[in-house]
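Produce the entire structure from the sequences given, and follow the hints as far as they go.
4 protein chains.
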Amino acid sequence: MSLSQNRRGFASDNNAGVHPDILTALTEVNDGHVIAYGDDPYTEKASAQLREIFGQETEVFFVFIGTAANVLGLSTVTQSYHAVICPETAHINVDECGAPEKFSGCKLLTCSTPDGKLTVDMIASHMHGIGFEHHVQPRMVSITQATELGTVYTVDEIREIARYTHEHGMLLHMDGARISNAAVSLGSDFYEMTGGAGVDVLSFGGTKNGMMYGEAIIFFDKALCKDFKYRRKQGMQLASKMRYIAAQFSVFLENELWKENASHANRMAKKLYASVKDIPGLEVTRQVESNAVFARIPSHIITALQDEFFFYVWDEELSEVRWMCSFDTTEADIESFASLLRSML
Amino acid sequence: MSLSQNRRGFASDNNAGVHPDILTALTEVNDGHVIAYGDDPYTEKASAQLREIFGQETEVFFVFIGTAANVLGLSTVTQSYHAVICPETAHINVDECGAPEKFSGCKLLTCSTPDGKLTVDMIASHMHGIGFEHHVQPRMVSITQATELGTVYTVDEIREIARYTHEHGMLLHMDGARISNAAVSLGSDFYEMTGGAGVDVLSFGGTKNGMMYGEAIIFFDKALCKDFKYRRKQGMQLASKMRYIAAQFSVFLENELWKENASHANRMAKKLYASVKDIPGLEVTRQVESNAVFARIPSHIITALQDEFFFYVWDEELSEVRWMCSFDTTEADIESFASLLRSML
Amino acid sequence: MSLSQNRRGFASDNNAGVHPDILTALTEVNDGHVIAYGDDPYTEKASAQLREIFGQETEVFFVFIGTAANVLGLSTVTQSYHAVICPETAHINVDECGAPEKFSGCKLLTCSTPDGKLTVDMIASHMHGIGFEHHVQPRMVSITQATELGTVYTVDEIREIARYTHEHGMLLHMDGARISNAAVSLGSDFYEMTGGAGVDVLSFGGTKNGMMYGEAIIFFDKALCKDFKYRRKQGMQLASKMRYIAAQFSVFLENELWKENASHANRMAKKLYASVKDIPGLEVTRQVESNAVFARIPSHIITALQDEFFFYVWDEELSEVRWMCSFDTTEADIESFASLLRSML
Amino acid sequence: MSLSQNRRGFASDNNAGVHPDILTALTEVNDGHVIAYGDDPYTEKASAQLREIFGQETEVFFVFIGTAANVLGLSTVTQSYHAVICPETAHINVDECGAPEKFSGCKLLTCSTPDGKLTVDMIASHMHGIGFEHHVQPRMVSITQATELGTVYTVDEIREIARYTHEHGMLLHMDGARISNAAVSLGSDFYEMTGGAGVDVLSFGGTKNGMMYGEAIIFFDKALCKDFKYRRKQGMQLASKMRYIAAQFSVFLENELWKENASHANRMAKKLYASVKDIPGLEVTRQVESNAVFARIPSHIITALQDEFFFYVWDEELSEVRWMCSFDTTEADIESFASLLRSML
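Chains as they are written, first to last, in the numbering used here: chain E, 3 to 347; chain P, 3 to 347; chain W, 3 to 347; chain C, 3 to 347.
Treat the hints with care, since some could be wrong.
Identical copies look the same in the list; a pair holds intra-copy or inter-copy alike.
To be verified - Derived pair list, reagent style SDA-like, types lysine to any residue, alpha-carbon separation capped at 25 Å:
#, residue 1, residue 2
1, Lys-231, Ser-127
2, Lys-224, Tyr-166
3, Lys-231, Asp-317
4, Lys-47, Phe-134
5, Lys-273, Asp-309
6, Lys-228, Gly-171
7, Lys-273, Leu-347
8, Lys-228, Glu-169
9, Lys-261, Gly-198
10, Lys-261, Thr-29
11, Lys-228, His-168
12, Lys-228, Thr-156
13, Lys-224, Gly-200
Hints are computed from structural coordinates only; laboratory data are not their basis.
So, in structure tokens, the structure goes:
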């Protein structure tokens, strides 16, 4: 594929580059020597910022990517005979090439959902064989906020899942690869919909929202992660030059860059939705609650459309496509795209 | 530890920051959108540069860190009942928190060495139980170039190990976290002492030599790594915004930045050696062949010395310490340090 | 539970004891010393008998139990990023406490079935993401013969699954824990519905049909299992006193004890079915094709009925129970049970 | 190898058959149905007998083989970043094809020993890097009683190792594949040299001492094994027809069959030692403390000697061989063997 012009499209928020403030932050911490592997003042500062947001009782760790945050988060609180209950569409189930199973040994028990969101009833459908040694034992529930389908759990929905999860001796994990988009969508702060709602382990992502690399894992109870440092190292996720991950998080958090970026991306998605929803022959298929728009379009136009603005087909059979907006999507991008689409239909 | 001034020390080459050219490279590729996960022109360019160096027959992959390069390199060509023969001092044995065992299932068979360098005789001492199902089966030999003790294998030494390794149906892995320092030390090009000498899998590192993050794995025979892409993803080492790793490698290679940095670090180590070797009460304990100086010094001066220039004790019992030079070590650093040391002894 | 009298029930065919001929066989091979771990004439004899049945090109190994046969069979031909497609009800999915995931790293992709039997369409529903590194890669299809629901694949059904499986570069595994019951049910010989129909790896069980312990794994292509001996040892399934497993298989096979036992168990199931099917308030829920009868009965009679003849509830919500017949079930057992059941309803 | 006559040799105590009382026991429990997977009166009885010996506070589980007892014992109390300290000669290190690493993820840290016995000093040599995330963390010490070299730890030696182990926050595992031979050798009861001396987890073996199959794992603190039942099932070690393992243990323990068998085997080893020690050209190389005799003999006689009485070469280079006596070795066997040996030298 010719991308010589690095033309913006709607393929994924991680096709975007890095916000300029993030790049600047990398340069600002570049001076001199600091202890490697995270025992440095920049890492301490970013950790303190996260504890400021999520609570002083939390424990904060940095890793390279979201898959690692998810997998190490799960592994740390499970044993190999445990099971993790999640939606069929969860990133941990579909997009991590079996890393959860390989690294933790656990089985994923999946639920079919209409919208990417788990409910208590779905979780309950897997709660059998408890104490029976022939069965894997459910130990964790994992939800994604915002979901892979662009939908967003309300704080109450998360609370209800957390209540059920804890009542049944399990823990609640949240994959927050797009947590900023969800927070903006709900008008919630980060804590309210995570630890405040009963989440035990959070993968807090920034790469899809303007960072270069790096993800944080937040444990809301320190007792859960006493040995996490060994698991991170053994999980090949301990960065030597940690200051450059920390610096990104600091600027991401301190000027509410996360909010600026996510608000923009969500707004662009709303605009995209508004611009295309009435085009005949096109059907928007999911609630637009964060930075994604899903739609069915005639299959014969897909390739030509992709040539101008790259995006992925979500479901070949249904001719359903996904359009992701990102922090750098422009109004002009939306207008050109909608206009092109309109002209094709 | 107060590091507010980010004072340079001799703790490790990964306590150093990032070379300015690398930082610049990150900015230069930041424009617009490219496909995530490595299907982008920057990754293609960096891969082509590496194939230029290592041979068109090689296959090149990027991961985040050296531990991952080692572990995934080993895992890809072994099965869980295999064994990997390496020196007792190998990074894979001592410094990866059991990641090789956890991820590959393999046992490491270690050899005691005087200088961190494996020999054919040492390898041969583990070649028993072949074909006997009660024993793990040796499948790989792993050497580090330059070694963890700062020594360097000659090209002939590598050839001899490769010959034995292949004759016995095994593969040769090289941990090249400091391969630039070794190349400079030998006056060898990269290929001559790797694929040219019989190495099958190479972890090619840059982070200890001025990069921010990112490591390459080079397979010299494509047949060995047909499924590596799945292993990398499952191994939680597939970067979404790959262009920023690729950009670092491009600048690292294209202007011979690697050579400039490594030459400097090695020269500083030689200067450090020259400056301290005759100090009474100090004994240099290893050949200074790359960017490390090992020495025994009286234990009572260690803490005070570390307060000024941080470094690590290598062997508490022997009072042996390690001083690493890096791309940004200055002549003045060496002079101040040597002078301080002299004043203490 | 008081079982002082070891009263026969319908809980499971592995609640039964051991056929007297099997016990005799153990005594007959007890004389003197033979090489441990399977290099003995008894193991050679039993292996030859299995090769006689399944083909001289097959490779035969003994392990302790069915779970191990399944898990090692799968592990030997997969890598950790592969997936195994199976029915939701498969023993490997439900009854092995996650051993397949733990040992192989693979993900199981499950299909909802009405009768425990996989079809090509079900398999096809999982055939996406091929070559896409974010997804696990389907490598194996696993079917159970007779199924966990007592149903039996016809030879043609197996052939059709094998055809599709092989066309898509996958391998076909059969869990034959109750293969004797299936063979008798179909009037098929073992080969016709396994290797003859395209099965690549077979777990061949005897414990549920009158043996004490021991299971065979049959690889129909030797190339698939060149390293199996290491996997068996590492999988903790290499018996030291192998002759006692081999002796059981020899007598199981040589006098068609397998057929005698399975025919009897199947006949008893047919008789049970005939005896209860018309009882009002009872509904037989599955085809009775092997040695199991599934039925819905009023939940209030279950406990009292279990007190006389133990059995398991299959689905609490549906009040569906499972009654297994075994080689030692008597006509009188059936008559007493049916009569008791009738009196309760 | 022709073994048509099943001639007794000195290859291994597991080349021997099964004691007649064990065979009888299998028949005696064969009547009727009992619940599978260990919820039966025979398993309860054997467990009670073991608790009688090892303490009411212990938890007892049965598995198929010694490798599994070792591996599951280790896995249950470790996490993947832990290390297990053991002698280089340990069965877990040399003879289990990497099963401990594969199943637990742990690294084995080995100690070279003159006699197969660990000492506190050897253990201490591995106690560094504690709390340092780059290193595996020592969590368990494993000793073998009697050792693979036929030597036996005194009760005081075990106590001293246990004291050090516990003081350093670790647990002590004993591989008791030949624990009966050790108990007889010391004149100790089982408890005194296990739980009584500080052992936390014991692999209690019977197969090398006249049983057919089956091994017990004893946890001396129930808190250590709360989830063992899941690990055993996932570890493919849960026998369906458990009564036949239990029955063997019952007869093994209740009439002190273990002592009768082990006393005999040890006595035969002493007799063998006495018969050969003065033969010129032969040198006994290890203390004869249990049922093994190790000796150096001229390499040119080995094959001819093996043709009459099979045994294994222990160390090819040293021309050291191992002769194991078993419960069924006869005085005549010893006399013929010694006489043949004498005639050859």
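For each hint, the structure was consulted:
Taking CA atoms no more than 25 Å apart as the test, Lys-231 paired with Ser-127 passes between copies only; the shortest distance there is 24 Å, against 35 Å inside one copy. In this homomeric assembly, Lys-224 and Tyr-166 come within 25 Å of each other (Cα to Cα) only inside a single copy, at 22 Å, whereas the closest approach across copies is 29 Å. Taking the shortest alpha-carbon separations for Lys-231 and Asp-317, only the inter-copy value of 23 Å comes in at or below 25 Å, while the best intra-copy value is 39 Å. For the identical chains of this complex, Lys-47 and Phe-134 are inter-copy neighbours only, at 22 Å across copies versus 46 Å inside a copy, given an alpha-carbon limit of 25 Å.
In this assembly of identical chains, the alpha carbons of Lys-273 and Asp-309 lie at most 25 Å apart only when taken from the same copy (22 Å versus 58 Å across copies). In the homo-oligomer, the alpha carbons of Lys-228 and Gly-171 lie at most 25 Å apart both inside one protomer (19 Å) and across protomers (15 Å), since each shortest distance falls under that limit. For the homomeric pair Lys-273 and Leu-347, the shortest alpha-carbon distance inside one copy (19 Å) is at most 25 Å, but the shortest distance between copies (66 Å) is not. Taking the shortest alpha-carbon separations for Lys-228 and Glu-169, both the intra-copy value of 23 Å and the inter-copy value of 20 Å come in at or below 25 Å.
In this assembly of identical chains, the alpha carbons of Lys-261 and Gly-198 lie at most 25 Å apart only when taken from the same copy (19 Å versus 52 Å across copies). With identical chains, the CA atoms of Lys-261 and Thr-29 are at most 25 Å apart both within one copy (23 Å) and between copies (23 Å). When the C-alpha separation of Lys-228 and His-168 is checked against a cutoff of 25 Å, the pair qualifies both within a copy, at 20 Å, and between copies, at 20 Å. With identical chains, the CA atoms of Lys-228 and Thr-156 are never at most 25 Å apart, being 31 Å at best within one copy and 37 Å at best between copies.
Taking the shortest Cα distances, Lys-224 and Gly-200 sit within 25 Å of each other inside one copy (14 Å), while across copies they are farther apart (32 Å).
When the structure is compared with the earlier hints, a violation turns up for hint 12 alone.
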